[in-house]
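Take these sequences, add in the hints, and give me the full structure.
First to last, the protein sequences are chains A and B. Quick note: the first sequence uses my numbering, first residue 374, plus one each step. Quick note: the second sequence uses my numbering, first residue 15, plus one each step.
In short, the hints are calculated from the structure, not lab data. Heads up, some of the hints might be wrong.
[Stated by the list, open to error] The calculated lysine to aspartate or glutamate pairs, modelled on EDC-like cross-linking and capped at a C-alpha distance of 16 angstroms, are:
hint, chain 1, residue 1, chain 2, residue 2
1, B, K126, A, D440
2, B, K135, A, E444
3, B, K126, A, E409
4, B, K454, B, E427
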Amino acid sequence: MEGLLISAYKLDNETVKRLEAKFSENIGEKIKFIVEVDRSLIGGFIVSIRHHRYDYSIKNKLKEMKDYLVEN
Amino acid sequence: MDMYIDSISELKKQVSSFDHTVGMRREGTVIKAGDGIVQISGLLECKYGELLEFENGDFGIAFNMEEEYVGAVLLSNSCEISEGQKVLGSEKVVEVPVGDELLGRIVDPIGKPLDGEGRIKTKHFRPIEYGAPKIMDRHPVDTPMSTGLMAIDAMIPIGRGQRELIIGDRQTGKTAIAIDTIINQRHNDVICVYVAIGQKASSIAQTIKVLEDNGAMDYTTVIVATASDSAPMQYIAPYAGCAIAEDFMYRGRDVLIVYDDLSKHAVAYRTMSLLLRRPPGREAYPGDVFYLHSRLLERAANLSEARGGGSMTALPIVETMAGDISAYIPTNVISITDGQIFLESELFFAGVRPAVNVGLSVSRVGGAAQKKAMKKVSGTLRMDLAQYREMVVFAQFSSELDKATQNLLYQGERLTEMLKQPQFSPFPFEEQVVLLYVIKKEELLSVPVKKIGEFKKEFLEFIKVHYRELLRTIQKTGEFTDDDKKLLDEALNTFMVTFTEEENK
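What follows is the structure in structure tokens.
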């Protein structure tokens, strides 16, 4: 199965392979990532598999923090 | 300086207490966007009516669930959505903030404040769509919802939990009746919600100012979707208002909600449905335009004691074209509501304001929602006015008619004049009882029709000064005994002496 991996900075092959292995394990199917770079993420990465998104970027964390602080 | 140090340390505390776990979000991709409608592929397990988040922060609602894609409507007017962008599912069906914090506020249909007074600080949200109260959760309507308008409280009485339609052509005073009713709830412990759908922003601003000037904003929430807001915004506005009102109702409060107006609401729904490529029916409205309003109005009810005893009274407003109440949307809403107040342009221009056509107006709850005193004095009013209307054509030949018919005409004229009422001057229940009792008396026939307005004002003042106890008794007991009648007869006699003297001067 194909997944999309968007990282803030270019990742080396080994890191990508490790991520593939980890997600394959969790999903239960062999995942192969298509890799993209997006500097606006500031740090971290976003994984998108089968229309499910896992957002581990700093950009997202900051946004969630902002929402949390505004709420309280 | 200290204030800043405090804020900073408070911020630091909150930041360190921030617990962030990455969850899985369902996402889709935009394949088509235009006219406020977005086609999205991939958003698996999307719920009908789910709130969707677009990349630029805009929101949309999922409305067409097809096999290969989801059709969503945009809540904003923006044109920034383009093909290829990602959309996230929010796991929530559209909800709106509810609670006491809403009182006095002006919000948009998704709960965003429009009055510049800061965020609505409430932890409670309610989905805008909700089932109507079940049959066993209801209690028959038995308490009056007084409008302060004599013509209505006497002959077309509204009860708490009833749905009463206000219908008429443009500029006939429909909103005026609703606003007067809201203003009259000041001391009645009733919370009010006013939903403005598709109106000019300037009109809404004026209405809000009126509410503020009359102290009504203390207990009123206003939900606004102006004419320049997107059709989906105008579509959800009444449901959002209903959810806000429902929250109060299920907490045991009495609520009054005004939908101004449902004609524009139906148009917004038609716009949305046509763009979503749903098949058009009569007058191009979608097939479920009846359900659009029935599910909204059925949520207004009088709850049983077991469910808290609260109530929601709905005053939907519908605009007719050239008085045609047999058109599509008007007939739909008339068949849903528990009665209608029909306003006519002719009456309005003839100076009869509120321009209520008593013959065509009805309240299907009627006397059950009236206090005994009111029932006594208003019992024959409708009939009297009906008889008057039949005879009024002969008024031109008044000199040639018999005494009985003449009296009928005279009394009808005075009654009509008595029922006229300026805006923003509600009459409390006991004052209405007094006036309606007195209008039927012989003595009034000697007062020229033009002076009835003056008579009303001065007689009430006289009563308030010299017979204050009587007013209080009527107000407290809700009854109008024979003793009270005798007292009032006496009062009238005394008053007429000075009044007629003034006349003859």
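Inset, instruction - With a cut-off of 16 angstroms on the C-alpha distance, tell me whether K126(B) and D440(A) pass. - result: Status holds; Cα separation ~15 angstroms.
Legend entry - Satisfaction of hint between E444(A) and K135(B), Cα-Cα up to 16 angstroms: Between K135(B) and E444(A) the Cα gap is close to 8 angstroms, so the pair holds against 16 angstroms.
Legend entry - Given hint E427(B) paired with K454(B) - CA-CA distance at most 16 angstroms: 12 angstroms, holds
Inset, instruction - Take a quick look at whether K126(B) and E409(A) sit within 16 angstroms of each other, Cα to Cα. - result: Outside the cut-off at roughly 36 angstroms; violated.
Hint violations for this structure: number 3 only, all remaining hints satisfied.
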